[in-house]
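As given, the protein sequences belong to chains U and X, one line each in that order. If you use my numbering, the first sequence corresponds to residues 2 to 638, in order. If you use my numbering, the second sequence corresponds to residues 2 to 638, in order.
Keep in mind the hints are simulated off the structure, nothing from the lab. Among the hints, erroneous ones may be present.
Calculated pairs, DSS-like style, for lysine-lysine (alpha carbon to alpha carbon, straight line, at most 27 Å) [to be verified]:
1. Lys555/U <-> Lys392/U
2. Lys392/X <-> Lys221/U
3. Lys609/X <-> Lys524/U
Keep in mind that this is a model prediction, so the values were computed, not measured.
Number of protein chains: 2
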Amino acid sequence: MKKIKVPNASAFKLGEGFWQRFVKLVQEDVIPYQWEILNDLVPGAEPSHAIKNFKMAAGEMDGEFYGMVFQDSDVAKWLEAVAYSLEAKKDEKLETLADEVIDLIARAQQDDGYLNTYFTVKEPDKRWTNLRDCHELYCAGHMMEAAVAYYEATGKKKLLDVMNRMAKHIDSVIGPEKGKLHGIPGHQEIELALVKMYEATGDSLMLKMAEYFINERGKKPNFFHIEQEKRGGSYHFPLHAFGEAYAQNHLPVREQLALEGHSVRALYMATGMADLARVSGDKTLLDACKVMFDNLIAHRMYITGGVGSTHIGEAFTFDDDLPNDTMYNETCASIALCFFTRAMLQIDLDSRYADAMERALFNTCIAGMSLDGHNFFYVNPLEVWPESSHKDPGKKHVLPVRPAWFGCACCPPNLARLLMSLSKYAYGYDRQAVYVHQYIAGEVTLGERVVHLKTAYPYEGNMLFTLSPGKYAIYLRIPDYVKNSFVLSLNNAPVSYHMEKGYAIIEREWQPSDKLNLTFDIKARRVYPNPRLRENVGRVALMRGPIVYCLEEKDNGHQLNTIALDYRAEINEIWKKDKLSGIYELHAQGSQLIPQESDSQYLDSPPKRVEKSLIFIPYYTWANRGENEMVVWVMDK
Amino acid sequence: MKKIKVPNASAFKLGEGFWQRFVKLVQEDVIPYQWEILNDLVPGAEPSHAIKNFKMAAGEMDGEFYGMVFQDSDVAKWLEAVAYSLEAKKDEKLETLADEVIDLIARAQQDDGYLNTYFTVKEPDKRWTNLRDCHELYCAGHMMEAAVAYYEATGKKKLLDVMNRMAKHIDSVIGPEKGKLHGIPGHQEIELALVKMYEATGDSLMLKMAEYFINERGKKPNFFHIEQEKRGGSYHFPLHAFGEAYAQNHLPVREQLALEGHSVRALYMATGMADLARVSGDKTLLDACKVMFDNLIAHRMYITGGVGSTHIGEAFTFDDDLPNDTMYNETCASIALCFFTRAMLQIDLDSRYADAMERALFNTCIAGMSLDGHNFFYVNPLEVWPESSHKDPGKKHVLPVRPAWFGCACCPPNLARLLMSLSKYAYGYDRQAVYVHQYIAGEVTLGERVVHLKTAYPYEGNMLFTLSPGKYAIYLRIPDYVKNSFVLSLNNAPVSYHMEKGYAIIEREWQPSDKLNLTFDIKARRVYPNPRLRENVGRVALMRGPIVYCLEEKDNGHQLNTIALDYRAEINEIWKKDKLSGIYELHAQGSQLIPQESDSQYLDSPPKRVEKSLIFIPYYTWANRGENEMVVWVMDK
């Protein structure tokens, strides 16, 4: 098992390129806006009450708890995003704000170390009585992640100490020892957070707890049944249609052969398993993760890197079931897929993880946010008919435009923390080598080495690397779509390299003047669904580099379902600087069925087609021009 | 407005042909089986308790009410089917049984005329407090229909008297007068039943009540809100996603431009409106029905005559939204479509009503029952993937095989009463003419005239009529699919006729020796979806006569989604006497995508196709050979 390290956000200076806009939006808009949301300062937005909940828990304000049982996690995710943002760019005002929030959190912690505003304010006698539904461990996990990130960003230990005390409190209540609850979280998150705590503090208790939560899951007798019986059968959320699989408690984790149930839970679990494998060396966990990943890629992932085929339970369904218009494809689930693949790349270097990560990152993740950073999708469909969203109750979750904010505000802050820590996903390093998984312009310090990358990827396919001197290898991921269509040169001359699991490896004594060039063929291409992908037989999609394209009504008129792409058509790439924050449009010839003004739905002869010029735009830019139809998979004719 | 009469079941002697099997099944299997169900005599079946509920209401048994709030209607529908069955075939034992049930019902009636076992047994003080949810008027309506049918079948008035008293009781509680509830039923049914009561008894109170319920619907202030407020907000069923449109209470009936909400409610309402138009002469009701029918045919009806595009609320959604795999298409809704079109044919002779009726009758209605009469579908999909039904909670209502019986047993007895009274749908008559809407072999007495029809339709396209002597016209519906491909001859010589709204009309002085021959071209044909029918663009279906065909996995292997019908292929009709109770199979050349054992869902090149011989079977025979895939709309390639 490999043990590849990832660089912190502080080790990375983002350069000019594709990602600058997104990161700037998060720093300048999303983080400040979210702060206002957390403090209920945005007129018309659903109240968050998250900061007020902490004030009440600290005994500094009267009133009632308000919000979801996991409302605390919004504050945690904001703090984590702030920490990464401070690493990237000093901001005293923001740091002071964060320090004040951390002081408040510390005051909200109870004498015994317990920290959770829902139970402290609303049901103090019900602590730890409903691990399945009530997210105490989940909220603790997010706050641990924030604590580690803030410590790494600022060197300030206050929140880390708070969460250390909370961890010890949890250990006093839950664990394998007699007299403790033999329990697990209903929503995974604390597992991966405890690994971070372990790495930040070196405290082996954190590792022991992470192992316990991972290993305990799926065991018989079922803890969730036991605790529900103890509660007299009451619940906060009813047990889901998927039963125990909803929270991946149907089997011990090493026996789960596919990601099942609630997608975010499943992928947070898998991330925790992979991270734990790395620090504990437990190869059985790595093997289990590989099985789940292989199944995911082959059978359960959308072309956009979306996951979760049904909104009922925001969940996986079964192999090859990938409907375009009823799925969930939560933004958070694709973010979680980035977490999972990041964790796998640290222990099992294989470009397939980075390919899946790239798919999620460039498509579903950034489609989650509007181009102005003010609106967010939770659900990321591959096909939208606005009338269905309004009039078919089975599709009412498929919003045709991004709303401003949600009562359950998981996706926006999750996206913020992802975008503020891209270096963790793009790079890795160890003693022998530096690893490049994603091509993000900028300069990164990887231990004692520095990698500088100049690129407009994925707008263009050229990468120019300069490296700090020394003898070491650089691993460059060759994306699956590139295959052999790449060119590597050093100082304008061919350079020898060898391939290993999708990475081109060049090892040498690097000179300060070395210029390493990598060029991909990223020209637009057709992608066909595997025939087993029931919903899309007879259709085709366009991609350019890692970017999935779609048709929108705004460019192509309505009834996109009647449009076909001519199978012989050339695809032209047109740069549009001022459209949708700068995109390559794809133009191609196609055809469209002529509308029939018949009083019948059923015709005696096939409706005729007329030629039509089609305009495709990147999927991540859809729904930025008001409500309209959209399709990714187009008829292939 | 026309006033065409329909013949009772007693006026009809079914002859040898397509329908004999179905009617025999109902008489010999369904009615006796249903009796056992009503009496909880079937081991393993969900308890009905319906007869026991009446015994308790009569004070002859102790215990608790059990079942749905509308459980009484199962007994009513059974009695109505029995009545039609007795008309067709004397059966003393069955009649004695029915008499005893009617005696029991009479004893369950309260002193003030009230009849409803749920409220009598369970909540006697809550009568008439929840018209929206509690089906008191709905159950009364069904029992009125049974009463009229039983009176017409046997001349026995006992149940008619019971329901007369119940009607008067209702009138004492609900109506326009001060002090009465200004209420309407949450589930329409009593409207059409009251028209039947009026026609059977001549009592104008019945007519007045029917008019009141029709005219009151959709008025402001909203009665359902008023009564809910009076109840302190409690409900039996929560208000539905569709809001007031769920029970068609969103607008006055004459302003409703489409059938909306719960499909059965909507179509029972429309039937009541058309029947009321006929007896009252109110042309505004006829006009409203025409608008709703035109919209239905053009935008909201499946090729199978199924209606109800979503299982959420068993409801209509919006124009041209006809998904193949998530719809409801309840058997009862297609039965209700037969009711509605029957009512329209009595007042507005136009073959389009009979065409829609035929579509529903030969496809969704009879698909509702297994070929052995023991199992029933409520939901009639056009595409089934068994794994979806098992593992996608959004499709769990789409059963891949017919189950034995349901706790909510509406469809089987509804189908029984339809099949036992086919003459009402096939024929009409008035002073000038006899009308033939459906071609069902047998002899029917239409007032003073007798029509005899020998035919194997829809197996074959030949009809041989003999008519009782006299001068009158015969109207013969030419189905929409036949167009001009029919031949009419009298005594083997051409005969002159003229066409009127889809009917061929021959008027003459009929001789006893006259043989009138009508031949349709019913050879298999392709049907194409209107391009606006989003779900089926690029697909084609096969029909032969009125019968819709489908592919089943049993005949064609799995992954039916990968199959295409060759657009050039000839379609061969093969008679299979011993298959699925006797069918014409359709054979044609097509192709199938070659499975790709790739570890990716997304391919660089289009998957290849191989030739394949396809076997289509009638849709109504699907799922009679165990669980398997099925599709109606096949790729057109």
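Each hint tested on the structure:
Pair hint Lys555/U plus Lys392/U holds up; C-alpha atoms about 21 Å apart against a cutoff of 27 Å. At roughly 23 Å between alpha-carbon atoms, Lys392/X and Lys221/U fall within 27 Å of each other, so this suggested pair holds. Between the alpha carbons of Lys609/X and Lys524/U the distance comes to roughly 24 Å, so the proposed pair stays at or under 27 Å and holds.
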